[in-house]
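*Asks:* Quick note, the sequences are listed as chains A and B, same order. With full-length UniProt numbering, letter number 314 in the first sequence gets 314, and the count goes up by one each step, no holes. With full-length UniProt numbering, letter number 18 in the second sequence gets 18, and the count goes up by one each step, no holes.
To be clear, the hints were calculated from the coordinates, so they are not data collected in a lab. Predicted model only: the values in this text are computed from it and were never measured. Warning: the hint list may mix true and false statements.
[To be verified] Listed next, with one range per pair, are the computed distances between beta-carbon atoms:
| hint | chain 1 | residue 1 | chain 2 | residue 2 | range |
| --- | --- | --- | --- | --- | --- |
| 1 | A | GLN67 | B | GLN89 | 30 to 38 Å |
| 2 | B | ALA218 | A | THR205 | 56 to 64 Å |
| 3 | B | ASN93 | A | ARG144 | 26 to 34 Å |
| 4 | A | THR51 | B | ASN93 | 57 to 65 Å |
| 5 | A | HIS124 | B | ARG298 | 33 to 41 Å |
| 6 | A | THR51 | B | ALA218 | 54 to 62 Å |
| 7 | A | HIS124 | B | GLN89 | 29 to 37 Å |
All C-beta atoms in this analysis are idealised placements derived from N, C-alpha and C, irrespective of residue type, glycine included.
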Amino acid sequence: MQPSSPLRTVLIKTMLPRLAALVALVAIILLAVAFYIVRGQVAEVHKQSLTSLQQDLSFTLNDTTRQLSDLAANDIIINALIDVEQRKNYLPMFFRSLNLTHSRNVSFALFDFSGAIIIDKNWHANLPVNIVQAWQERTLGASRTYYSVSKHGVLFSVPVLLNNAAEGALVMHVDSLQSLLAPYPRLTNQVVTDSNGVILFGSDTALFPPYVSLSQLNTDGFSTTTAQWANLSLYSIQPFATAYRALSWAALVLIAMIGGMLIISLHIVRTTGVLAEDTLSRLYSDIVNRLNNKSFKTATATVQEARELVKIKAAFDKLLSDLTKASLSNEQFSDVIDSIGDLLVVVDTSNQVLLSNRQFDRFSRQQNDAVELTVEYVVDRLKLDTSVELAHLSSTTGKQRFIRWSKTALEDANGKVRGSIYIGVDNTSHRALESNVKILSHAIDEATVSIVIADILRPDQPIVYSNNAFSRLTGYAQEEVIGRNCRFLQNQQDDSTSADKVSLAIAQRKPVETTMLNYRKNGTAFYNRLILTPVKIEGEVTHYIGFQQDITQQRQAEDYLQQAKQKAEESARLKSGFLASMSHEIRTPIHGISGVLQLLNDSELSSEQKHYVSLAEYSIEGLLHIVNDILDFSKIEAGQLHIEQHPFDILHELESLQSQYAILCHEKGLALHFHFNLQDHHVVHGDAVRVRQILSNLLGNAVKFTPKGHIDVTTSIEQKADASLRLTCSVKDSGIGIAKDKQAGIFEVFNQEDISTTREFGGTGLGLSISKQLCELMGGSIHLTSEKGEGSTFTFEILLAKGDDSLLPPTQKSTDGAVIAFKKRNILIVEDNDINQIIVKQHLSKHKTLTAKSGVEALAALNKIKATFDVILMDCQMPEMDGFEATRRIRAGEAGEQYESIPIIALTANAMKGDREICRQAGMDDYLSKPFNAHDLIEKVEYWSRQKDGIAV
Amino acid sequence: MAFRTLLWFSLFIGLAFSAHAKDTVAPLYIGIDADLSAVAAEGGVAIQRGVQIAVDEINQAGGLLGRELKIIAKDHRGNPARGVANLKQLAKNNDLLAVVGGVHTPVVVTELDIIHQQNMLFLIPWAAGTALVDNQFSPNNVFRVSVSDTEAASVLIGHARSLQAKRVALVLERTEWGRSNYRSIRLAANAQDIDIASVHWINWQQKSFSEDVASIKALNIDAVILVTNAPEGAVVANEFHKQGLSKLPIISHWGIASGNFINLLEVSPSTLNLTVLQTFHFEKQTHPRAQHLLAQYRQKYGPFAANAIPAKVGLAHAYDLVHLLAIATRIANEFDVTKIKAAMENLPPYQGVVKTYSPAFSKDAHDALTALDYFMVSMDDNGHLVLPDNP
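Bound-form chain A, shown alone (with noise of 0.2 Å):
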């Protein structure tokens, strides 16, 4: 045993360092809050200290620069810059008396609007470029005041008046900063510096001394706060010792309170030690006194005891005589039976309970809340075997527990037996764990999909699971396949790829898919979709359970389509080739034949002759119009036929209609009306052409099956919700109607009512089929009315959008009208098909022409010929150089800077869509395709001829 110490050293020793250490932390807890608090007055002294300091520059400088201007507006001042001869009679002594600011080093000069010095006081200023600059730009320029500081000083610019505009400026310059602000005390350390951190001012200029970088002084033990103003900095500076001197008188007087408690509280703990340490021994010596029976009173008990020390006798008496009477009790015994987990009851011979713990009380409780019948139960139930399962249901939660029951016989010292002991084990949760395993296995085996498991711990990973499915899909049974490797469904020779990577993925312990060749029993072979996942027990991968699926014929379907699509991308492709090529080399031998015929009927003819020509100009048309037709579905069918968006002039295009079918419908004897509600919408942004399209074709079809009558159209345009504008446009006319069995097929294509009116009207029977495409293009649609022998309506809505005039290109109009001098051209012809050269020829007769082959030839032509050329005609596609190209040079000054400009117009076979793009692109003014006519021709020829001259058409 160690020697103990005294009751005061121990107090001491475990009061002292909690104590000093509540000290120490209620200590720093209040240097800290001083420390937020002389940190915040810190903070505060320095704010105002920059609000003084920017409220005493921009007042220095403001107030500077009105004076000045005051000055500037001295009537003197102004006399001087108009009175030139004389003002040297006044001015200098005017200037002799200026001041403005306590500096000694100001200088003022008086400049001219030009910026030269009329007059000046010390002017020696040696000021940069820039300040020079930014005053004369800011004062001369814009008649404005300006202030600079910088290291080169302050200077100040303000204008000298006219009429509000300035024809002078008086400038004041100070050599410094420092020199401009006034040395007043100040609050702490104050400096201005530029915005490189150059000190330009400094309250204390011993410790911040002019023009030198702030960063280059050695700050540290001051406390700083920057401001920004204008493009100065500002800064407010104080040493650490004087912004904390108040904290560290607050520390010193702290640590004095600290050491004067710390002796306070060590004497009383001293001395309520040493009396407690009285008390205790004195009921130690009364103790042992009452032990060793001696007398009770002693010399103490004139000493006065504290009230607990009393109790504490008395109770301490109490207990002596206690201890005597007691011995080892019952309720251990108790104790025990209680702590047993298991369930035990003691009957006598009459199954009366004798005993039971408070796990069988607990039990009884919770299956009927009477120990009798559960005892009355298990007692019946035990009647023969000494142990024995018994399953209870719960009467109260319903619940079914399994108890295992063993009965012993109760034995008294003589060995006669007194009752029976009953020890029940709860099987309840094993029981339900056994269900759970029986139901899984049970999932497994009747599972549809094929499952295996193998046990990777052991050599070669024997399978020592397949369940049915397994067997119905390979054909082994589940005893040939437990202990064999998975490899046997597969064939050495084939490709190993996903052998190797459920091998790697096994070896990495993770899961893997794949898709690999396997075969059955029988031999055949069989795609095998393979997904096998890593079971982990207690932490480590065991076992991997693997799910097979047939995926064989998935494999061949997906084969199937991949051919399927491949063949359909090629017939698509070749499908455009065949119509870009079909658009090219149909139009040029009709434009051709066109461009022949026409030459043909300009020539000279008897009228049998001028009728077979019309003939077959008519016959041209027709052939061009059903060539257009199937290029246009073929479009729509291939999805290359795109809407395009252009702001143009509705009314015009109805006009233009109504005029060109007037003359048709007056030959066939019709009336022809148009009607419009277009609600001021005449211009809006949409693909005219395809409307157009849409009209004539309705307009064609209603002239072509109206024998005689009228035919109505009705055009109106209404604003949507969103801004967007619906046309809806009806043709209505007289003719003989479709029947209504007939009509559903009729946007269908190929065809027409029936059989024999392609006969007898002719036809594609595209055209109908083409419009409805086109009105779903233009998101909208087409629909039809009609009683056979009584006329139809066909109906179409399409969705525009608005537009306005400032939109519109401007028109190129035509000749006719105005009477316009006939000016000969020269036309130079860039163009390799030689009949399509003869016929622009032809045409152009009356204009001079020269052709070329190909684009080398058209440059060297340009180059080489003298005459200068008007206007370029060009084909797209040539031998050698094409069109585009041709054109690229021809702007880019390779034929000379004279033609850098001309007007070039495509002449191009090409019908599909972006050709215009891509020609305007490459530089071309204008576009023309084939077949055009002579008309359209000769007046682009003169439209762009004109556009060159600079004539306003």
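Could you slot chain B onto chain A? The hints should help.
*Replies:* Showing chain B alone in chain A's frame:
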């Protein structure tokens, strides 16, 4: 007669040339160097309009020497330094025929050096300083159709005499113009036995004149002769009114007619006893030439009443000057400043708007007008100059 034939002949030649020469031959330029925006903008704009009308007439008749005439207008804002800069810039133009100056004498005085240094032909339609024309340069490149201060002084003093005034005070602007008048008015006063009781100088843009008016009031004089521009003239007149001297005759040189005097005046002119020196007035010069100018002016610049046209003297002087220049150029028949100058000194008689010049200039007299051409007018409450009721 011989001159007139020559005139017609040159006009015809000009026409014949111009038909096809216009496109190919570079134009000739007349520069304008005047205050177009500051204290005498009205005067500057009137000068510009006079030049423009004359130039348009000359161009319509086929131009000069077969070349079109064009105008380059420069604004000197009354600032001599700007005026010199303007002339330097104009001198760079090789096709510059002449420069027409503006209202301010101080500007022209400062420009005299560069005018002669660059051998520019300088025509004055307004600035009256004596020394502008009677300068020390020989040959002298300055010609003036305007008032000359020497002559003006005798007219102003003469007017004072006609008002029975014995003692007058002078209020002069503190510039070369003011001093030019001081010299000539003193001489005229001596000659006509008028006592100059006090002389007061006023700075450009001076805002207060109360002390001077107080001292004038104390002197008990008969009339005041005022030689200032519009802004200072208004300050002086307002102060006379304020100190109860509204009835004191103010005999003003024409400076106040060059700017917006009426807007700065705080009293209506009829309250004052104000007369202004002029050389031209549509009611005074009523001959067809003047009527023609009035019609042209109205056609170009709007239907003004004849009296409401601001700064008419500048308009008429500039118009006459440009026509005189055109005649001289045709006589010289060559674009050569020295030859044209010589022609200016030997012009045939010419019926102008202001008067019939017979002739306008000679080798020794570059001033086209004399005291005989000057007269005094008064101002109505609209600020328009009107002929006095009893001339």
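*Asks:* Tell me, which hint numbers fail for this structure?
*Replies:* 5
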